[in-house]
Amino acid sequence: MHLRGETPGGARRRVSFGRESFLTRGRPLLAAVACACALLGVACRGLTEPTPDVLVEHEISPSPPRVGFTTVNLKLTDFASSKPLSGARVRLEGNMTHAGMTPVFADAKEVEPGRYRATLELTMGGDWVVLIHIVRPDGRQIERQVDVKGVRVE
1 MHLRGETPGG ARRRVSFGRE SFLTRGRPLL AAVACACALL GVACRGLTEP TPDVLVEHEI
61 SPSPPRVGFT TVNLKLTDFA SSKPLSGARV RLEGNMTHAG MTPVFADAKE VEPGRYRATL
121 ELTMGGDWVV LIHIVRPDGR QIERQVDVKG VRVE
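If you're matching positions, the sequence shown starts at 1 in our numbering and goes up one per residue.
Take these hints with a grain of salt, some might be off.
[Said to hold, decoys possible] Distance condition first, Cα-Cα at most 25 Å in a straight line; then the derived BS3-like pairs of lysine-lysine: (1) K83 x K109; (2) K75 x K109; (3) K149 x K75.
[What the hints assert, rightly or not] Have a look at the derived ranges for each label pair, beta carbon to beta carbon: (4) G100 x G68: 17 to 23 Å; (5) T71 x P113: 16 to 22 Å; (6) R66 x G139: 22 to 28 Å; (7) P64 x Q141: 28 to 34 Å; (8) S82 x E154: 38 to 44 Å.
None of these hints come from the bench; they were simulated from the model. Computed from a predicted model, the values in this text were never measured in an experiment. Note that the Cβ used here is the ideal one computed from N, Cα and C, for glycine as well.
With these hints in hand, go ahead and build the complete structure from the sequences.
Pasting the structure below:
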């Protein structure tokens, strides 16, 4: 009887499971896969991080937020011209951060050039996400997200 890696005479021999051949032949493939992943990561990041063409500032009251009617004030500024973005259509969508809750919606009204106001009814305590859907006067659509954490029940 002899152990794996030993010859019948007792001399040891090197046992190879193909690692050397995989490493030497697999390196070009491994390098190609790594490059493809890196390029895909850069390309995808470019798609998910659009250049800001509208600066969105927000203020939520009452502060801290509580269950009930909440006022959301927005200031929209055209990034290129640094002028207020007037004439946009703005719709808010409020969602709880956990599944199973019905979203709440509100249309924002322009109260002065570039300033919009909406009232959302936050129906439950906890963490919310408010999506701001903006349609510029030229038809381009923009979305922003605001996290509203710790809505209180009073």
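So, going through the hints one by one against the coordinates:
no.	hint	in the structure
1	K83 x K109	18 Å, holds
2	K75 x K109	12 Å, holds
3	K149 x K75	21 Å, holds
4	G100 x G68: 17 to 23 Å	20 Å, holds
5	T71 x P113: 16 to 22 Å	19 Å, holds
6	R66 x G139: 22 to 28 Å	37 Å, violated
7	P64 x Q141: 28 to 34 Å	31 Å, holds
8	S82 x E154: 38 to 44 Å	40 Å, holds
Taken one by one, the earlier hints fail for this structure only at number 6.
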